[in-house]
Amino acid sequence: MKKYNFLAVILLGITFVGCGEKNKGENSLFNIDDSAFPAHFTQKEAVSIGVLNPKSTEIDSIAYFVNDKRVGSTKGAEKFKFELKDQKLGYQYLKATVYFGSDSSDATKRIELVSDIQPKALKYKIVDTFPHDTKAFTEGLEFNNGILFESTGQEGDSYFRSVDYKTGKVIKQVNLPKEDFGEGITFINGKIFQLTWQQKKGYIYDAKTLKLEKTFTYDKDIEGWGMTHDDKYIYHSDGTEKIWKMDPNTQKLLDYINVYSGSSKIKRINELELINGKFYVNVWQKDAIAVVNPTSGAVEGILDLSGLRKFIKAPNAEVLNGIAYNPQTKTFFVTGKYWEKMFEITISE
77 MKKYNFLAVI LLGITFVGCG EKNKGENSLF NIDDSAFPAH FTQKEAVSIG
127 VLNPKSTEID SIAYFVNDKR VGSTKGAEKF KFELKDQKLG YQYLKATVYF
177 GSDSSDATKR IELVSDIQPK ALKYKIVDTF PHDTKAFTEG LEFNNGILFE
227 STGQEGDSYF RSVDYKTGKV IKQVNLPKED FGEGITFING KIFQLTWQQK
277 KGYIYDAKTL KLEKTFTYDK DIEGWGMTHD DKYIYHSDGT EKIWKMDPNT
327 QKLLDYINVY SGSSKIKRIN ELELINGKFY VNVWQKDAIA VVNPTSGAVE
377 GILDLSGLRK FIKAPNAEVL NGIAYNPQTK TFFVTGKYWE KMFEITISE
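With positions in the sequence shown counted from 1, the corresponding number in the numbering used here is that position plus 76.
Incorrect hints may have been included.
[What the hints assert, rightly or not] No more than 27 Å apart at the CA atoms, straight line, and that leaves these computed lysine-lysine pairs for DSS-like:
#, residue 1, residue 2
1, K161, K354
2, K171, K196
3, K199, K386
4, K254, K413
5, K171, K131
6, K389, K242
[Unchecked claim] Computed Cβ-Cβ distance ranges for the label pairs, DEER-style:
#, residue 1, residue 2, range
7, K155, T291, 49 to 57 Å
8, D162, K328, 18 to 26 Å
9, K199, K155, 44 to 52 Å
10, Q404, K277, 30 to 38 Å
What the hints contain is simulated information worked out from the structure, not anything from laboratory work. Each residue gets a CB set at the ideal place from its N, CA and C atoms; glycine is no exception.
Build out the structure end to end from the sequences listed, making use of the hints.
This is how it looks when you write it as structure tokens:
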């Protein structure tokens, strides 16, 4: 088995997705000609878009669209070539608006843009081991000013708290309402943001006092999972292959990327950390971390952490979840739900 496939199995237990769906005769006059389309496209390729004209209608011109954005036009029935290098991974929706006489008609087609990057195998070294609360259903970890913060899930037992990671001692804790299932947290602009799972709401706290300042509602019908940030935006996962970009000032979701390893979507993206310009992500039910390009969504590296399991003896221990980067030590901290240990590690190729 090739190394790529081995890594993909570690990350996914992969379900491979097929090519874009075939046209189903939704348009009686024209259809996009997909006879020369490959099963998948990559960003290094271009797509040549043309239409089938079974009734030999005299065509004046054709306007071409990708994801509802006009990308060009041709006279008559000429094909149009469109470079895919600037498109994000995932499904792309092609449309050709055909003008003939005083009328027009649309032909549509869906293609899939996948990654052509072979992920690198990463390795880790355990630097130190610290105690972790076996009652903590860990959803998020993040350092802020040298202090580790952890958020947890489960209705009636969700909270976030600051922790002395060397001893496991709780410094300060904020409990969520009993009906909430807490998810990831992140710090930005002097605030702490926290998501909930299926309640479709989030909380904003003052980062110094931990006092609640605002409750907000998701503006998309999605779940809340992991959370991280850069200097300008918040990023959060929703349990699918998507990582969303959110404006922290308005809490509006602005855009998203789709995470792919080769031709496979990486679903169930969970806890996130943005480190040195790359997303480090947990995949739910996998003892592995994927390193993701934040612009394209391509998985560039895979870290198999299943070896940590031999150190975990807690009878109720569940999946690996929780990634924090300490910029002071330049090391990573990882743990899992109900684990009795948290590991400080370094990561290398």
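* Asked: Hey, K161 versus K354, does the alpha-carbon distance stay inside 27 Å?
  -> holds (19 Å)
* Given the hint that K171 pairs with K196, does the C-alpha gap stay at or below 27 Å? -> Violated - the C-alpha atoms of K196 and K171 are around 36 Å apart, more than 27 Å.
* Can the suggested window of 44 to 52 Å be confirmed for the beta-carbon pair K199 and K155? -> With a Cβ separation near 48 Å, K199 and K155 satisfy 44 to 52 Å, so the hint holds.
* Whether the CB-CB distance between D162 and K328 falls inside 18 to 26 Å -> 23 Å Cβ-Cβ, so the 18 to 26 Å window holds.
* To do: Given the hint that K171 pairs with K131, test it: the Cα-Cα distance must not exceed 27 Å.
  => holds (19 Å)
* Asked: So the hint says 49 to 57 Å: do the beta-carbon atoms of K155 and T291 match that?
  -> Given a distance of about 52 Å, which is inside 49 to 57 Å, the answer is holds.
* Given the proposed pairing of K389 with K242, does the C-alpha separation stay at or below 27 Å? -> holds (19 Å)
* Could you tell me whether the CB distance from Q404 to K277 stays inside 30 to 38 Å? => Check passed, 33 Å falls within 30 to 38 Å.
* To do: Take a quick look at whether K254 and K413 sit within 27 Å of each other, Cα to Cα.
  => The hint holds at about 19 Å.
* To do: Would you mind confirming whether the straight-line C-alpha gap from K199 to K386 stays at or under 27 Å?
  => holds (17 Å)
This entry does not satisfy hint 2, going by the numbered hints stated previously; all others are met.
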